[in-house]
Amino acid sequence: MHEQPTSPEDLAALLASTGYLADDGLATAGYLALRLGRPLFLEGDAGVGKTAFASALAQATGAHFVRLQCYEGLDATQALYDWDFPRQILHLRAAEAAARAAGSAAGTAGAAGAAGAAGTAGTAAGAAGTDGAAGARIDADTLEAGLYDRRFLIARPLLRALERSPTVLLVDEVDRADDEFEAFLLEVLADAAVTIPELGRIAAETPPLTVLTSNRTREVHDALKRRCLYHWVEHPDVDREVAILRSRLPEVTDRLATQVATAAKRMRELDLIKPPGVAESLDWAGALITLGSPDLTAGTAAATLGAVLKYREDTDRVRAAGLATLLEP
Amino acid sequence: MATAALIGFARRLRADGVNADAHRVQAMLAAVDALGVDQVYWAGRLTLCAEPDDLPIYDAAFAEYFGGKRRPKNLPLAPALPRVSAPFLAGPPPEPGGTGPDEEPSVLGLSASPDEVLRQRDVAALTAGERDEVRRLVTMLAPAAALRRSRRRRPGPRGEIDPRGTVRLMLRHGGEPTALRRRDRLRRPRRLVLLLDVSGSMTAYADALLRFGHAAVRQRPAQTEVFTLGTRLTRITRGLRHRDPDAALRAASDTIPDWHGGTRLADSLRAFLDRWGQRGTARGAVVVIFSDGWERGDPALLAAQLDRLRRLAHRVVWVNPHRGKAGYAPLAGGMAAALPYCDEFVAGHSLDALERLVEVIARA
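Chains A and B, in that order, give the protein sequences. Be aware that the first sequence starts at 3, since it is given in the working numbering, and climbs by one per residue. Be aware that the second sequence starts at 51, since it is given in the working numbering, and climbs by one per residue.
These aren't lab readings, by the way, just hints derived from the structure by calculation. Glycine included, C-beta positions come from ideal geometry on N, C-alpha and C. Any given hint could be a false lead.
Stated by the list, open to error - Derived list of chain A stretches under chain B, where covered just means 3 residues or more per stretch with a C-beta under 8 Å from a C-beta of chain B:
1. 20-32
2. 65-77
3. 93-105
4. 211-220
5. 249-259
To be verified - On the chain B side, residues computed to face chain A include the following (Cβ under 8 Å):
6. ARG74
7. ALA84
8. GLN89
9. LEU96
10. CYS99
11. ARG201
12. GLY330
13. THR331
Given these sequences and hints, build the entire structure.
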């Protein structure tokens, strides 16, 4: 168990040791979320490191990391828990088979008794038969209780986050799930516990630190947002981006990192459909290293533009602006 | 730092339109406590703001409030609004910009069925009294997009086999297969996005369109988004959620900075696609653009944005009030350029035309 950070700067240092370089705002947001026990709601352009922040936070604080990717139609059986029905059936069949094998002797006596009852007399054998039936009934009760044992429960992300403490729970792209799921999530987050009818209440030892991300495809309900700290994650400035590139890609030279970061920043100013995020600059620098180019030149940039721009319109616009202008120091 | 100063700051933010409610203020106080008084900026920003639009407001208010600058006068409070609009028969106050109030009673009094006549009339050519009646009728429209199949499933009498339900039933019968359970996809309403042109050339229709937008938001609050296009893009969905049409319109109008200005259709459409549409608001949605297509800029730019929109949206409907006028042909630069990308091109100049639009939206 790591020690808890004592200030935002302390958390920033811990995050930096995992390779995630957070700016003041994000470090403060993370620190407050830890201190106040509030979920953190992150928004920002795609690729600015919202998801990476959550996993870095888990690593920095020595917590488990659980990720729940949201999508339309996500429901409790996918997010919380589900019973393993095939295993339950299998368990039932196995118990049946075992009972049949163990009770084969008693079974023949019982069968004889049943035949006797149906036929003429055979009182003693008939009594043995009823005993066998009673034994089977008791067995059925224990068997049924055994069917809803913890080992037949499949823990989905939310339950996993509650069962293990401490945990950082990432609820990724919460805007993609529908309203019903939001309401349900709110309930689980508020209590940090769930009640499973067959098993009882499962409560988290310490409530998980929840990080929610959204791409704003629809407005998330205010009731959920109100419980959260809100932070808009900005693109990093050139210096920070250089530092990120260098820490994530050890092979990258200072020169190449500066060139990539500067070019990416200029692209963000070009009013593109999808401005490149840190994720794209990392891909770009990675592509250049793979190709063995020590420098970002107009030629190598043209060859690797696909790593950083994902729309034809954007590629056209950058080419029209001139690749050379991106690279001017 | 004095708690009172922080609460005063939150009140200031509320007056500026940030939804800093009591719950959030409490969170701010806890955050200031945790971070120390020299970190009030982040403590407040992380707890009081809830969307990107809040951030510039916050920054400005923070600089002013804690930077020593004071506002010239006290916080302006919005005047209290009547909860319900005045009933028409009680005699509505005359429209300031309308024609003389003296002629309206005769118009309504003489016609046998004023509704029927009004339905066909161009909204731009109405007297103040008629306009009030049309407003009332627009409020009664119920625009809503058709249903689509959702990814969410529910147990039902038909559809695919539901393994979970079937096995649960088996367990109930001691592991013996009995009957097959089935489940089916739910049906969900499609998102409806209304883009209203509020530039000078659309002034006569703006009020009716905003009311149409209000009717749509009231019908399906979670599935409807309304934006205005002009020299810039403004999202007015939040304001239109008011129950009372007049209060909703007032709230929405207050957020529109570019009433009756020029038109930069391509730019504001692009702003919509960049900030909302591409991220998902327009995806699979029925998008309705209310505009006369009067574009000052290069029509090719408008065409490029509409091409983007068409690739994202389920249906693009263009509503042009001039369409209903005799002898109109979509030859104006912007309209001609936009037309190839629209699935439907309809008129929206009268109540009757708006009713037909409701049908088009429901069919889309």
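message: Taking beta carbons only, do three or more residues of the region 65-77 of chain A come closer than 8 Å to chain B?
response: With 4 residues closer than 8 Å to chain B, the region 65-77 of chain A meets the three-residue bar; holds.
message: Just to be careful: measuring from the Cβ of B/ARG201 to every Cβ in chain A, is the smallest value less than 8 Å?
response: Since chain A brings a Cβ to about 3 Å from B/ARG201, closer than 8 Å, the hint holds.
- prompt: Quick one, is the B/ALA84 hint okay against chain A at 8 Å, beta carbons?
  reply: holds, 4 Å
message: Does B/THR331 hold up as a contact with chain A if the rule is Cβ-Cβ below 8 Å?
response: Interface hint status for B/THR331: holds (6 Å vs cutoff 8 Å).
- request: Could you check if B/LEU96 really has its C-beta closer than 8 Å to a C-beta on chain A?
  value: holds, 4 Å
- prompt: Checking C-beta pairs, does the region 20-32 of chain A have three or more residues closer than 8 Å to chain B?
  reply: As far as the region 20-32 of chain A goes, the hint holds, because 4 residues have Cβ atoms under 8 Å from chain B.
message: If you count the residues of the region 249-259 of chain A with a beta-carbon closer than 8 Å to a beta-carbon of chain B, do you get 3 or more?
response: violated (count 0)
Check of the region 93-105 of chain A against chain B for coverage (Cβ-Cβ below 8 Å, three residues minimum): holds (count 3)
message: Is the interface hint satisfied for B/ARG74? The criterion is a beta-carbon contact with chain A at less than 8 Å.
response: The hint holds - B/ARG74 has a Cβ within 8 Å of chain A, the shortest such distance being about 6 Å.
query: Are at least 3 residues of the region 211-220 of chain A within less than 8 Å of chain B when you compare beta carbons?
result: holds (count 4)
message: Would the hint on B/GLN89 be counted as holding, given a Cβ-Cβ threshold of 8 Å to chain A?
response: holds, 7 Å
task: Please verify that hint: B/GLY330, Cβ, nearest Cβ of chain A, below 8 Å or not.
output: The hint holds - B/GLY330 has a Cβ within 8 Å of chain A, the shortest such distance being about 2 Å.
The earlier numbered hint that this structure contradicts is number 5, and it is the only one.
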